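Asker: Dock the two chains into a complex; use the hints.
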Amino acid sequence: MSEMGYFSIIISTIFVNNILLAKFLGNCPFLGTSKKMETAVGMAMAVVFVLVMAGAITWVIYHVFLVPFDLVYLRTIAFILVIASLVQFVELFLKKSIPALYAGLGIFLPLITTNCAVLGACVINIDEELSFIKSLVSSFGFAVGFGLALVLFAGVRERILLARVPKPLQDTSIGLVTAGIIALAFFSFKGMV
Amino acid sequence: MVTALLFMLGLGAACGIMLSVASKVFYVYEDPRIAEVEAFMAGANCGGCGYTGCSAAAVAVVAGEAPPSVCIVADAEAAGNIAAIMGVDPGTAEPLLSYNTCRGGDRAPDKYYYMGINSCQALATLYGGKRECPVGCLGLGDCVRACAFDALKMGPHGYPVVDEVKCVGCGACERVCPKDIMEIKTMSQKLLHLNQYDDRIAPCQQTCPAEIDIPRYIYQIKSGDYEGAVNTIRERNPLLLSCGRVCPHPCENKCRRGIEDEPVSINQLKRFVADYEMNSGRRLPVSVAPSTGKKVAVIGGGPAGLSCAFFLRRLGHDVTIFDANPKLGGMIRYGIPEYRLPKEVLAWEIQGILDLGIDHKPNVMLGRDFDIGALMAAGYDSVFLGIGAWKDYTLRVEGENLEGCYTGINFLTNFALWQQEDGNEDRRPYVGNKCVVIGGGNTAIDCVRTLIRLGAEEVSIVYRRTRKEMPANEVEIVAAEHEGVKFTFLAAPTRVIGDEDGNVTGLEYLKMELGEPDASGRRRPVPIEGSETVMEIDMLITAIGQGPDVFFKDESKRLDEDLNITRWNTIDSEDPVALQSSIPYIFTGGDAATGADLVVSAIGAGRRAARSIHLYITGEEVKTPEKTLFTNNIPVSIFESVEGIEKSARTKMPELPVEDRIKSFVEADLVISEEEALYESNRCLQCCLTCYNKDVA
Numbered sequence: 001m002s003e004m005g006y007f008s009i010i011i012s013t014i015f016v017n018n019i020l021l022a023k024f025l026g027n028c029p030f031l032g033t034s035k036k037m038e039t040a041v042g043m044a045m046a047v048v049f050v051l052v053m054a055g056a057i058t059w060v061i062y063h064v065f066l067v068p069f070d071l072v073y074l075r076t077i078a079f080i081l082v083i084a085s086l087v088q089f090v091e092l093f094l095k096k097s098i099p100a101l102y103a104g105l106g107i108f109l110p111l112i113t114t115n116c117a118v119l120g121a122c123v124i125n126i127d128e129e130l131s132f133i134k135s136l137v138s139s140f141g142f143a144v145g146f147g148l149a150l151v152l153f154a155g156v157r158e159r160i161l162l163a164r165v166p167k168p169l170q171d172t173s174i175g176l177v178t179a180g181i182i183a184l185a186f187f188s189f190k191g192m193v
Numbered sequence: 001m002v003t004a005l006l007f008m009l010g011l012g013a014a015c016g017i018m019l020s021v022a023s024k025v026f027y028v029y030e031d032p033r034i035a036e037v038e039a040f041m042a043g044a045n046c047g048g049c050g051y052t053g054c055s056a057a058a059v060a061v062v063a064g065e066a067p068p069s070v071c072i073v074a075d076a077e078a079a080g081n082i083a084a085i086m087g088v089d090p091g092t093a094e095p096l097l098s099y100n101t102c103r104g105g106d107r108a109p110d111k112y113y114y115m116g117i118n119s120c121q122a123l124a125t126l127y128g129g130k131r132e133c134p135v136g137c138l139g140l141g142d143c144v145r146a147c148a149f150d151a152l153k154m155g156p157h158g159y160p161v162v163d164e165v166k167c168v169g170c171g172a173c174e175r176v177c178p179k180d181i182m183e184i185k186t187m188s189q190k191l192l193h194l195n196q197y198d199d200r201i202a203p204c205q206q207t208c209p210a211e212i213d214i215p216r217y218i219y220q221i222k223s224g225d226y227e228g229a230v231n232t233i234r235e236r237n238p239l240l241l242s243c244g245r246v247c248p249h250p251c252e253n254k255c256r257r258g259i260e261d262e263p264v265s266i267n268q269l270k271r272f273v274a275d276y277e278m279n280s281g282r283r284l285p286v287s288v289a290p291s292t293g294k295k296v297a298v299i300g301g302g303p304a305g306l307s308c309a310f311f312l313r314r315l316g317h318d319v320t321i322f323d324a325n326p327k328l329g330g331m332i333r334y335g336i337p338e339y340r341l342p343k344e345v346l347a348w349e350i351q352g353i354l355d356l357g358i359d360h361k362p363n364v365m366l367g368r369d370f371d372i373g374a375l376m377a378a379g380y381d382s383v384f385l386g387i388g389a390w391k392d393y394t395l396r397v398e399g400e401n402l403e404g405c406y407t408g409i410n411f412l413t414n415f416a417l418w419q420q421e422d423g424n425e426d427r428r429p430y431v432g433n434k435c436v437v438i439g440g441g442n443t444a445i446d447c448v449r450t451l452i453r454l455g456a457e458e459v460s461i462v463y464r465r466t467r468k469e470m471p472a473n474e475v476e477i478v479a480a481e482h483e484g485v486k487f488t489f490l491a492a493p494t495r496v497i498g499d500e501d502g503n504v505t506g507l508e509y510l511k512m513e514l515g516e517p518d519a520s521g522r523r524r525p526v527p528i529e530g531s532e533t534v535m536e537i538d539m540l541i542t543a544i545g546q547g548p549d550v551f552f553k554d555e556s557k558r559l560d561e562d563l564n565i566t567r568w569n570t571i572d573s574e575d576p577v578a579l580q581s582s583i584p585y586i587f588t589g590g591d592a593a594t595g596a597d598l599v600v601s602a603i604g605a606g607r608r609a610a611r612s613i614h615l616y617i618t619g620e621e622v623k624t625p626e627k628t629l630f631t632n633n634i635p636v637s638i639f640e641s642v643e644g645i646e647k648s649a650r651t652k653m654p655e656l657p658v659e660d661r662i663k664s665f666v667e668a669d670l671v672i673s674e675e676e677a678l679y680e681s682n683r684c685l686q687c688c689l690t691c692y693n694k695d696v697a
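Which chain is which? The protein sequence lines are A and B, in order.
FYI, in my numbering the residues of the first sequence are 1 to 193.
FYI, in my numbering the residues of the second sequence are 1 to 697.
Extracted from the complex, chain B is given alone in its bound form (with noise of 0.2 Å):
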C-alpha cells in the first residue's frame, strides 16, 4: 500500500516536473497582446470568424491580419475594447452582408429530386442541379442551414433570401455555396464591383451605362419598399431624379419583353421612385464608408464629375469639386432646360451629394484661375478630369459669326445662367422671330424647344440627313413637333447671308439625297448639283455636335504637357473602363473622355474612374478585371423571342398639355402615378440571366 503511494505520488511528482521543466525550456514566446485581445473575444470558438477558434482570431488580429472587429458575437464595445489595445480606429472595418445574386429559385423548369438529397453541394456535384442556367441557384438551402444567425430563409421565390438586419457577414452560406451565389461584400465592394460575364444579370442591367440593378429595384417597386428601390439605384447613379427625367433608357432597348411586347417603361419607374423620396421631404440615409484619409480633386461639376465624387465620397475619400460655373451640374443644369429637368428638382439631388461631405468650389476653371501641378502641391492624391464636351463645332461656312448667329451649347447655357442667375428682362438674350437650328441631336431640339417657350414665331430645324437618321431621342424630336416646330430634312447649309449692318437674313442651303450608308450605318447624305436654296430667318443656332475645350493644356505651366489628348479633343485614356490617363494619376470619364454622349454614361464612367482613383490611391493596381463586361451583352442571356409574354400595355408619359407648355418653362413630361407604377412594376419579367417570370405558363 505505501509502496503504491509512494509509487503514484513519484510519478505524479515526475510528471509534473518535467512538464513545467518543459514549458520553461520549450516556451515560445507569444505577443502578450493576444491573451488580452482574446479576453475581449466571446470565447465561443464559434469560428464564425473564418479562423479556427478565438485564439487563432487573436492572433490574426495582433498580427494585423483581422479587423478588430472580427469577432461575429462579441458587441461593438468589445471591438472598441480590442482597438485600443491594438492602438487602431474600431471602425476601420466596414460590415460585411451577405447578398444573393440569383433571381432564378423555382424558375428552373427541369429539376432533380431525389429522396434524400437535399444539400445543393451533393446535387451540384451529382447531376449539377437544376438546369435552367449554368450559374443558378439550386434552392436547396445549404446555406440557410449553414447560417448560425436565423438570417437566411428560403424566400417564396425559391431562392434565399437575406435578413440584413440579422447578417453579420460570417460567410458561412457564401463558403457552402457550389454555384457561389452568395456573396459576402461590403458595402464598398458592392459599389467598385463592375458587371461581369459570368454575373448573374438580365439585358436590362448588361445595357444600361450605369449598371444598375433593374430587375432588383423593380421588384421593391412591386412590393411596396420604394426606399429600398432608391437605395439599390443609388449603387450605381447619384443622379436618379435627373437620369429619372433625362435618360433616353438604353436599358429598355434589350427588355425582353420588348421582343414580345412593349419594353417595360423602366425609366419612369426609377423617376416614380426618385420623385418619392424627394416628395417625402426626408432624404434617405446613404452609408458612406470609414475615412480613409486620401484627397481627391474632381474638376468639373456635371454628372460624370457627381458621379465619382459621389462613389469616392461613399468609398471614404474625400473630394473636392472644382467648378467653373457658379452651380454645380453641368451640363445637366445649364445645358438641359428648365422644361425637361427643373432647377429645383436638380438642386435637391445635389445638395444630397455634397450633404455627404463633399466640398465644392465654385467660380474656378480649371487653366483659367488654376492647374493641376498647383492641386497636387496643395496635397491632393488623385485628380479626376470631367471637364465635359462644352466646345461647339462649327459649320466652316461663310457669314457664320454675322450678328444673329450663334451656337447651340452657348446659346443654351447663355439662357440658363441669366434665367438662374438673373432674371432682369433687359439683359434677356436675343430671341429672333424667324429662327433656325442646324442639327439633329438633342442639344438641335433642346434649342428649338427653348425658343419656342422664348415666343420665335416660327422655328424650324435643318438637318441634312432624314429624321429617321436623327441622333436625338425619340421623345424629344415627337414633343417637339407637337409643339409646332418646323422640320427641314436633307438639307446642307452652305453658306449664311447677311445685310450691311451685319445681321444675318438668310440661310442658304444645298438639297441633299441619302446615298451608300457610312461608317456609322447611316446613309450618307450626297449633295444635288445646283439646288441652291435660300431661306429667310433672323436668328441661327448651329447644333452640330460639340467637343471637350482642352485649352487648359497650353495655359498650364507644369505637370500638363504630358496629358494626351486624342484628335478629337478628349482626353486620352486608353482603357476606357480604368479611364486611367497618361498621367497615372489624373483619370478622366464622361463627355471629356468620349466626346458628348448621354447622362447616363458619364455617371457610369464616373463611377468606374472612381473604381480606378480608389485602386491607385490605396496602392493597389489600377487594373481592369479580364472578365469585365463594359458595354456588351452576355451572349446567353440575349434571345430571338421569347415564350409566355401576354401582351400589355406600356404605361403611357403623362405630359402637360402642348398650349400650357409651350408658354412657359414648367416641366413638360409627369410623373406616373403609384397604380401606375405598381402595373409597369408588375409588367416586369424580373429577368434573371437565362430565366424570367412568365405571364402565362
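The shape of chain A in the complex, shown without the other chains (with noise of 0.2 Å):
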C-alpha cells in the first residue's frame, strides 16, 4: 500500500479493504448503533473524527518514541492508552470550544475509546509502513469505509423490520446474516487496486 496513490489508497481502505466488511473489525459499534439511521450516522462522523486523530498521534509515538528506542513490542498497549486519552480529550475540548459539535458526537465519543476498529486501522497504518500523509488518508478512507458500511447496514435493518422473519432468526441473528451478504458484496471489490 505505501507504494499507492492517494486515491488508490482512499479506493482501498473505503471498498477493498473496508475494516467492517473486509477486515471483520468494530463488529460491536456495527451491530449495536444500525438499528435506527440516526444514530448510525451521528456514530459514522464520531469515528471519522476520532479515526484520523488517532492515525496521526500514532504514527507519531511510534516513528518519534517506539522505533529508535526499540520499543516496537510496546505498540499495542501504548496505541490504547495514547487513543483513550486522545478521545477524553476530545470531547473535553468539544464540550468547551465547539459545544454544537459535542451535541452532535457527545454520547458516540466515549463509545470508540477503545473501538478495535480505531485500534485496527492504527496497526494497519503502521505494518503497511505508509508515510505520515499517506497514514492520515488511509485513517480518514477507513474511517469513510466504516461510515458507509454502517449506514448502508442500517439502512436494511430498517426496512428488515417490516420483514417476515423466523422467530429465531429475529434481531442480532438475521443482522449478522446480512452482515455476512453485505461482506460477500462488497468481495467483489478485490483486485480493484
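For the record, the hints were derived by calculation from the structure and aren't laboratory data.
Bear in mind that the values here come from a model prediction, so they are computed numbers and not experimental data.
Hints are supplied without guarantee of correctness; some may be wrong.
[Stated by the list, open to error] Example chain A residues on the side facing chain B (calculated, C-beta under 7 Å, incomplete):
#, residue
1, Phe69
2, Ser85
3, Lys95
[Said to hold, decoys possible] Taking beta-carbon pairs under 7 Å as the criterion, some of the chain B residues facing chain A (in silico):
#, residue
4, Thr3
5, Ala4
6, Ala124
7, Leu126
The C-beta atom is built at its ideal place from N, Cα and C for all residues, glycine as well.
Answerer: Listed below in C-alpha cells is the structure:
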C-alpha cells in the first residue's frame, strides 16, 4: 500500500479493505448502533473524527518513540493508552470550544474510546509502512468505509423490521446474516487496487 | 526492560498530565445543583422520563424544564428531596396516566395477518393495518412490549388495557403507537379536552352536550364497576344525580341501536350509578390538581356555574360562587319541581361539589349587592357569568297584569322558595281552581304538574301550535296527560278578561291553523279570522319562554359598560366554545349565553368556560382548537342502517302510579334495578367511531 497514490489508498480503504466488511473489525458498534439511521450517521461522523486524530498521533508515537528506542513490542498497549486519552481530551475540548459538535458527537465519543476498528486501522497503517500524510489519508478512508458500511447496514436493518423474519433469527441473528451478505457483496471489490 | 518501564511511565504521566490540564483549561461551569439532583435519581439511565439518561434529566430539572418528580423509578421521597434542592413544591406535577382511546380492537372484519409481522409499527407502515377505521387499534401490542412497568396488557377485546396502579406515565406506549391511540395525560389534561373531529368517539358521545364518554361508563356498569362509571361521568358532568333525572337525553336520539331498534336507555343507566353512589352513603373521592393560587369568581350557582366551579376547582384554582338565592342550584333547584328532582338529592349532589373546597356566598345578587369591578378589586383573576335566564317573556296582550295572572318561572320559583324555606300554610302561594298555563315548553309542563299536585281542580295548557310541535320533553307531556291535564292546541291568547275588582275571570283566544314552516322548521300557526273564544278561568300562568335578566349592566358603575349584550339579552360571546365575553376576563355560559336551554347544555358550557378561564389565568391564549367538534357529528360515524342488530326491548322507566303521585310532591320517576341496569348495559353496542359489537354475527 505504501507505493499507492492517495486516490488508490482512498479506494482501497473504503471499498476493497473495508474495515468492517473485509477486516471484520469493530463489529460491536456495527451491530449496536445500526438499528436507526440517525444513530448510525452520528456514529460514522464520530469515527471519522477520532480515527483521523488517532492515525496521526499513533504514527508520531510509533516513529518518534517506539522505533528509535526499540520498543516496538509495546505498540498495542501504548496505542490503547494514547487513543483512550486522546478521545477523552477531544471530548473535553469539544465540550468547551465547539458545543454544537459536542452535542452531535457527544454520546458516541466514549463508545469508541477503545474501539478495535480504531486501533486496528492504526496498526494496519503502521504495518503498511505508510508515510505520515498517507497514513492520515488511509485513516480517513478506513473511517469513511466504516461509516459507509454502517449507514448501508442501518438502511437494510430498518427494512428488515418490516420483513417476515422467523422467530429464532430475529434481531441480532438476522443482523449478522445480513452483515455476511453485505460482506460478500463487498468481496467483489477484491483485486481492484 | 528499564527503557520500556520508563517509556510506559512517561507515556502514562504525559497522558494523565495532559488530561488534567485539559479538564482545567476546558472546564465548563455546571450548576452544582445538577450533581445534587442527579444523586437523588435512581441512576438506572432507563430513559423512562423521556431524557437521555439521568444526567440529562437532572439538567432538565435544574433548567426548570422537568418537574422534580420526573424520575419514574425514584420514589416520592426522592422527588421531595429534589424539590427541596430546587426550592419548589414537589406536588406541582400531576401524575401522568396512560389512556387507551380506542374500543375497536378485534372488531375489524378485515385484518392482515402475516407470519412474522407482529409489530403495529411495521403493519401500519406496510399495509395500514386493520381496515375498519382509519384511526383504530391494530392490536399487535407494540405498546404492551414497550411498557417497562408491566402496566399494559392486551385485553380480551383485542385492545390494550391500562393498569392504572402500575402505570407511571412514562409515555413509552404513546411513542410507539403508530395510530396515536395511547395517550399520556394528566387528569387536568383530560378534563380540558374537547371532542374533536379526529377523536375515536361514538355518536352518543358526539351528541351529548356535556361530551360524556357514554360507551365507557356503560361498559363499566356492565362489568360491575359502578364506581368507575361514576368517575367517568364526573370527568364531564358533576351533576349526574340531577341529569340522571331531568336530562332529555339527546344522546339517545343518535344511539346506533336506535336506528334498527329502541335506543339504549342511557340516561337511566346514568341515574342508576348516580343513585348507587348516593345510596352507598360514601362519596367517591374526586381528584383535584395541586393549587395554582388563582382566584375565580363564579356568578350564579346554577348548573352552568356549578359545572364551571367544579372543573376550575379540579384544575387547581380557588373558586367562589356568588348566588342570589339562599341555596345553590339555580334553575334546577327553583325551576324544576320537587317531584322531578327531590331537593334532598340535589343538596347531596351540591354538597359533594362544595366539599372539593369551593366557597359559596348566598343571597348576593350581581347589580344589587356587588358589581364586577368590585370583584376584580378584590383580587379575582377572572369571572364566570352564569346568571341563567330568569326573566319570563310576557304575552303583551291586554289584561295580563290582572290579579291571578302569573309568569312561569316566577310562579315555580315562588312556590319552590315557599316550599323549601318557609312551608307555612298561611303564606302558601295562591292556587286557583280553573287554571290555564300558556306555553308548550318544559316550564309550562312543570307549572301544570305542580298545579295538579297543589289541588287545582281543572288545569289546562293553551298552546298556539299542535302537540307535535311542543318543545317540552315527550315523557313530560305524556306524564301530564296521565295526570289529567287538558290541552287546548292551536289557540293564541288575545285578551285577558277581569272583573271589576281586578281579578282574572277569563281568557280570550283566537283559533289557529297551521301554515307554512318557519325558520325553525315548525309550521307557523295562522289565526282564523273571527274565531275568538273565551275560556272561564281564575288563574293564568304565562310560560312562553324566558331570557336572561341583565339589569346589572345598568346598575354597575365600573367596568361593566364594555360588556356586549345581544338583542336576545344574552351575554355576547363571539365563540360559543371559548365563551369569552367582550371583556377578556369575563366568561359566560349556560342560559345566560344561549337563552333557555337544557341543563346538560349548561353543564357542557360550564366545562368549556372553565377550560377557557384556565387558559386565560394561566397566561395561555384562549383559543378553540381547529378540530373542535362542538355540537356537530363526525360524518363517517353516522349510519343509515346498522347490521347485526337483534331487537330487544328497552327497559321501561319505573314510575309511581298516577293516583299516588298527583297527591304529593314525592319523586314520580323511579330508578331501575341492578338487574335492569345490567340488561340495559348489555344492549349497548359499545360503539366506537365506526365499529360496534354486533348482536348476531
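Asker: Give a verdict on every hint.
Answerer: Here is what the structure says about each hint:
1. Phe69: 5 Å, holds
2. Ser85: 4 Å, holds
3. Lys95: 6 Å, holds
4. Thr3: 5 Å, holds
5. Ala4: 6 Å, holds
6. Ala124: Alanine 124(B) check fails; min Cβ-Cβ to chain A is 10 Å, beyond 7 Å.
7. Leu126: 6 Å, holds
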